[in-house]
Each structure stands twice: as structure tokens, then as C-alpha cells.
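Just so you know, the sequences run in chain order E and G. Residue numbering for the first sequence follows our numbering, beginning at 1 and increasing consecutively. Residue numbering for the second sequence follows our numbering, beginning at 1 and increasing consecutively.
These are calculated hints, taken from the structure and not from any lab test. Every clue listed holds true.
Below, computed lysine-lysine pairings styled on BS3-like, alpha-carbon distance capped at 27 Å:
| hint | chain 1 | residue 1 | chain 2 | residue 2 |
| --- | --- | --- | --- | --- |
| 1 | G | Lys-10 | G | Lys-234 |
| 2 | E | Lys-37 | G | Lys-326 |
| 3 | G | Lys-325 | E | Lys-37 |
| 4 | G | Lys-326 | E | Lys-26 |
| 5 | G | Lys-326 | E | Lys-33 |
| 6 | E | Lys-23 | G | Lys-95 |
| 7 | G | Lys-95 | E | Lys-33 |
| 8 | G | Lys-362 | E | Lys-37 |
| 9 | G | Lys-35 | G | Lys-95 |
| 10 | E | Lys-23 | E | Lys-37 |
| 11 | E | Lys-14 | G | Lys-325 |
| 12 | G | Lys-61 | G | Lys-35 |
| 13 | E | Lys-23 | G | Lys-325 |
| 14 | G | Lys-326 | E | Lys-14 |
| 15 | G | Lys-291 | G | Lys-442 |
| 16 | G | Lys-362 | G | Lys-234 |
| 17 | G | Lys-424 | G | Lys-291 |
| 18 | G | Lys-325 | E | Lys-26 |
| 19 | E | Lys-14 | E | Lys-33 |
| 20 | G | Lys-325 | E | Lys-33 |
| 21 | G | Lys-95 | E | Lys-26 |
| 22 | E | Lys-23 | G | Lys-326 |
If you want the building blocks of each chain, they are given just below.
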Amino acid sequence: MNSSNPISEDDIFKLANSIGLEKAVKLYPNDVKDAAKSALNAVSSCPIIDDLTQEPWPPMFVRSSL
Amino acid sequence: MKEIHWLTAKEISENYGLRKLSPVEVTSALLKRIKELDSKINSFIFVDEESAMNSAKEAEKEISLGKFRGSLHGIPIAIKDNIDMVGLATTCHSKILVDNIATRDARIISQLRSSGAILMGKLALHEFAFGGPTFDGPFPPARNPWNTDHHPGGSSSGSGAALGAGFVPITIGTDTAGSIRNPAGACGVAGLKPTYDLVSRNGVFPLAYTVEHVGPMARSINDIALTMDSIACKETMNVERYTTENLSYTNDLNHGVKGLRIGFVRHFHESDLIADQEVIASLNEVAGVLKDLGASIEDVVLPSLQEMQSVEGIIWYSETWAIHKKWLRERPEDYTQAARKKLMRGAFLSAGDYVNAQQCRKIMTDSVNQVFQDFDVLITASSFDPICRIDETEIYARNYARQGRSPFNMTGHPALAMMSGICKRGLPLSVQFVGRHFDEKKLFRVAAAYESATPWHHKHPQI
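Given only the sequences and the hints, what does the whole structure look like? Please build it.
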């Protein structure tokens, strides 16, 4: 999800249907919306790493701490 | 002697050695108390009375023959119900797994059985360790023994409530974003999230593979330490330290804090988010007590709480979706609403979001390790608010992110929460101590010094 471009309700349901959550969309649309908004909030608060060589966790070489 | 139900494991074990108590006597007394009072607390999903009494008789026989296996021999322990015990259902407090009978013991259960512990049964939790206090699940939610109208914290809700109620001296919980430390603080006991990988997750129903931890909860720091002696996995420990130091986690408990360098992470609760005034006052008192005991206390700065929480959240939600996607697609109606809403979050995240978060995680973990170059232990807030009523759904949801625990699930540092006061409404307040990777011993040293200098661990609720 693109944090700079908040997603519409229709798009949330389209996306949810496309990934197999049709039943949840039909029975619990508010829960689906709530889940999507929480995910979007997390992404919008997360720093963006531009350096493609930045090592992810877990470390790529052996060390004494995690 | 104190009443049996308020004895610590250490005290029980000492009384076994003096022949003043026996495993059968202790187990019987605790089973009686559970039978009498747990209808108010709902901490147990299943009390394994027959098996517990059989284990107690076996322990009694062995101890009487001088075959003493160690500090957990004959000690009653209860287990969060997302951990496999052969022959019993591992329900995860969910309709989805209500008939999920375990075919083998989790690694931690095998370790506890080898130590001679008496396993009393399975404890309530938030559904799949991620829901909330809900009334639409297969079992009622656990309640806080200090005031049963209140939430006991979660997701190891039964693990905290059973200890606070005096049903067992030790419980086992799991912690993916604070699920051991939150109920420990809310129920006025102590709980440890060990260093990542130090305690095996084998046989634990997964919530999020790379941020999940298994750990002990107890009413004393000594009991947390002696449980770690049984459940820490030697193969994942820092091998150099393991082979050169005397290993027992209880060894340094009484060494005090004189000369230790303690960093106080104030910005989590004073500027990143503003904690309740009673919580802030309690944390300042904790720092003051440790300073008076001879530690140096200095303010330190970590990455911002919100950024750390968002990184941990993206990792957690993504991994959780990978585990639950089939059931969420096919049978969403079988989840409680609280769990369903949270478990679907990962459906809206991309692989790119996940990898970006894991890159951030590495930077943030290095940043915390850098702080530990100059400090032995950190003090942070655990919960930013006193615990709310169990039916205050909106307040519970608002307070859910108002905590300083989840950053250390992401960084893997050991973190311990313990009682640090009582709020005006008569409910426990708590503090969190954080240590270097695999340096649980120093964490216990600080926590034990604080415990000895304050009255909190002697306080128990009236039920």
C-alpha cells in the first residue's frame, strides 16, 4: 500500500476480494476496513530505506549479538 | 510460614528440603484454591488435576528417596494454551483449534518435565495470542485478580491472572509484542521476554515467527531466574559466555546494582507518547530507588517509539497473515472480532513493506546495541496507562499501542516487567528493564535489587 496515497473504501474491498477475503468482506466489512487502515497506518509511520544494500535482519554474517 | 498459595517456588523448594512441605500437599492445596476461586478469574481453560496429582506423587517419592532433580522439582507450573502438551488440546483460546489435540510435547514442556515440574493445566489467552479480552470466544476471558471488573493484560492473560490469584508460583507465557510483560505488570507479578531464540518456540503455535518469544512469569525474580535455568536452550546461548561463566541465572541475584550503568529511556513515555501521570511518577521513583542503591542513572535516546512500533507491526502483521490466511479466507466467522480485525492486517501489506521493515529492524537493533556499549540495563515504561476495565473496549483499543514493550520484540533484547506501585484505583503499576542480548543475568540483578528495596512483591490481592 502506498502511504502517500490513502486508499478508498472501494479499493480496500477490491483488494480484499482479490486476495480471497470475499467472505470476510461480505460478513464483516467494517473489520476488513479496520484491518486495512491499521496496516496503512503502520506503513505510513515506517521509515523508508532507499539504500538497496542495507542489510536486513537477520544479519547476513555471523556476529555475537542478534 | 506464609499460606501455601503465596509461597514462591524457591520457598516451596526450601520447605521440601526441610521436609516441612511435600509436593502432594502443595499441589492439593493449589488445586483446591483453583477449584474454589477460578470461577471468578477464568485463568484456566483446563485444569489437569489427575496428571498433576500423579506427578506430585512421583515427585514426592523421588524427593523422599533423595533423588532431588533441582529447584523446579515438585513445583506446580501452568502453561499458556498455545503451547503443546501431549494428549491435551492446544486451543489458542479459539473455536478454530478447540479440538486440536497435541501429539507431542513442546520443547519447553519436555524441559519442565525433565526438571520434575508439576504441570497443572492450560491457561487462558487472547485468541491466537493476538485478539483481546473478548466475550465471543469459546471460553470466557481471564479477569484481573486485583479487581475482576478489570482486564488482566494480555495476551498471556491467564498466565498473569493465575499468578496474581495465587493459583501457581510459576507460569509460562509467550510474547510477540509484550504479551508476557503486559499481564505481568497488570497482575502485579514479574514476566520475562528472554533474548530472541534463547527459549525454544518448538511446539508453540506460531503467531509471528521472527518476533515471538517464550518465557517465564512468576511472583519473584528468583523464580524467573531458576525457571530460566531449566528452559534456556544451551545451543542458542552465547557459547563463549556459557563455557566461561558459572551459568545459573540465580548466581548474581544478590550482587546489587552498585557501579552498574543504567540508561533511562524517558522519551518513550515523556515525548514520543505521554504516559499517565501516575505511571510517570512511578518510573521516576524506580530510577530514584536504583540510584539510591548505587547505580548511575542517565537519560538515553533510542529510535522513536512510534517508528519502532510501526516496524515491529509490519513484520508481525505480515508473518501473522502468512499463518492465518487460509482460515481467514474460508472461515472468518470462527474468529473473535478482536482477532479477526488484527489478523487481517497483513493482507494489506506487500513483500516490499516487509523487507523494508526488516531493513529498518537491523538499523534499529544496531542502534540499541550501540546504546548498550555504555549501559548495562535500560529502564523504560511498560504500559503507559493503568489497566482499564475489561468491558471498556474503546479504552483498551486506545491503550493497546501505548506501551514500550514491542520495540524489544523487534530488537530481540531481553526485557522484564515487574510491579512498581499501585495506582489510585488499587491496581498494579509496572516498570520494564531491558538488557543486552543474552545478558539476562544482569537484568535479574537489577530487578532483584529493586524487588528487595521495595514492598511491591509482598502485596497480593484479596479475591
